[in-house]
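So for the first sequence, my numbering puts the first residue at 2; every next one is plus one.
By construction, these hints were calculated from the structure, which means they are not laboratory data. This structure is a prediction, so every number in the text was calculated from the model and none was measured. Please note that the accuracy of each hint is not assured.
Unchecked claim - Derived lysine to aspartate or glutamate pairs resembling DMTMM-like cross-links, with alpha carbons at most 20 Å apart: (1) K150 x E183; (2) K179 x D128; (3) K54 x D75; (4) K7 x E138; (5) K150 x D128; (6) K7 x E183; (7) K205 x E14; (8) K179 x E127; (9) K150 x D195; (10) K150 x D36; (11) K150 x D119; (12) K54 x E84; (13) K100 x E138; (14) K58 x D36; (15) K7 x E191; (16) K100 x D115; (17) K179 x D115; (18) K150 x D115; (19) K54 x D156.
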Amino acid sequence: MADVGKTLLAMYEAMRAHFGPQHWWPSSPLLAPHDRKLEVCVGAILTQNTNWKNVEKALVRLIEAGCMNVAALDAADGAHLAELIRPAGYFNVKSRRLKNFIARVRQVSDGGIDGFLDRPLGALREDLLAVRGIGPETADSIILYAAGKCTFVVDAYTRRVVRRHGLIDAGADYETVKALFESHVPPRAELCNDYHAQLVAVGKTYCHPTARCAGCPLARFPHRAEA
DNA sequence: GACCAGGCACATC
DNA sequence: GATGTGCATGGT
């Protein structure tokens, strides 16, 4: 516990050296630049408890149907929207969640996704969390990857890695884990972005109940082997 | 055929 | 306030 900040940065450097930059959003080639931010928002909702490959299929279907814009999503019939996003699973609930999100966007910024996102981080986060179907992880994903503002996204992988490395209590909630990173890691959006992606890579490849620590870029940092 | 994947809302205890 | 359950597809 000598210097948590140094440890967290060293862990990041080790992961990045091992996996290379992860190029998470907004690097998807699916859309023209002016629609990219909306695509990220939609993707953040569709990826809830869902493999990203399936989300991409749903995003392509929305784009091909001409629905990847605020007006079209707002006007779309819920059942039709559900059918379009079917490959991403949970299509009925996610259709409602998308409609809830779009309604909030129109309410706040008179229709534009840029106007909605380009506001102070606190107000934006509060608005997102008020949408039924958007929890803290999805809200922070939108803030970081769509709005490009610096916030730390915490997911199951993040929790598991910091817990195993003794950086946080077992019962720590979302905001506590988020605060750990935000109080020790330089507040740069690119860093928040790639750090989260690196943690996911470690979590998928090494840091889970059945995997071994051998080969993990974080193996040289103090940790427990068990889940 | 079981299990998991870039969660959240709601019911229940 | 902690824990359990439904939502649903596609890949391994």
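Tested hints:
With a C-alpha separation of about 13 Å, the suggested pair K150 and E183 falls inside the 20 Å cut-off, and the hint holds. A threshold of 20 Å between alpha carbons decides the hint, and for K179 with D128 the separation of about 19 Å falls inside it, so the pair holds. Taken as a hint, the K54 and D75 pair is broken in the structure, with Cα atoms around 25 Å apart against an allowance of 20 Å. At roughly 25 Å between alpha-carbon atoms, K7 and E138 are farther apart than 20 Å, so this suggested pair is violated.
With a C-alpha separation of about 15 Å, the suggested pair K150 and D128 falls inside the 20 Å cut-off, and the hint holds. Straight-line distance between C-alpha atoms of K7 and E183 comes to about 13 Å, which keeps the hinted pair within the 20 Å bound. With a CA separation close to 18 Å, the supplied pair K205 and E14 stays within the 20 Å bound. Under the criterion of a C-alpha separation no larger than 20 Å, the hint pairing K179 with E127 is consistent with the structure, at around 16 Å.
With a C-alpha separation of about 13 Å, the suggested pairing of K150 with D195 holds against the 20 Å cut-off. Using a Cα cut-off of 20 Å, the hinted pair K150 and D36 holds, with the two alpha carbons roughly 18 Å apart. Only pairs whose Cα atoms come within 20 Å are accepted, and K150 paired with D119 is accepted, the gap being roughly 9 Å. Taking the CA atoms of K54 and E84, the gap is near 17 Å; set against the 20 Å cutoff, the hint holds.
With a CA separation close to 19 Å, the supplied pair K100 and E138 stays within the 20 Å bound. Distance hint between K58 and D36 is fulfilled; the C-alpha atoms sit about 17 Å from each other, no more than 20 Å. Proximity of K7 to E191 is assessed by CA-CA distance (about 18 Å); at most 20 Å being required, the pair is judged to hold. For the hint linking K100 to D115, the alpha-carbon distance of about 17 Å falls within 20 Å, and the restraint holds.
Pair hint K179 plus D115 does not hold up; C-alpha atoms about 25 Å apart against a cutoff of 20 Å. A distance of roughly 13 Å separates the Cα atoms of K150 and D115; the hinted pair therefore holds under the 20 Å criterion. Among the hinted pairs, K54 with D156 is consistent with the structure: their alpha-carbon atoms are about 18 Å apart, no more than 20 Å.
Hints 3, 4, 17 from the list above are not met by this structure, while the remaining hints are.
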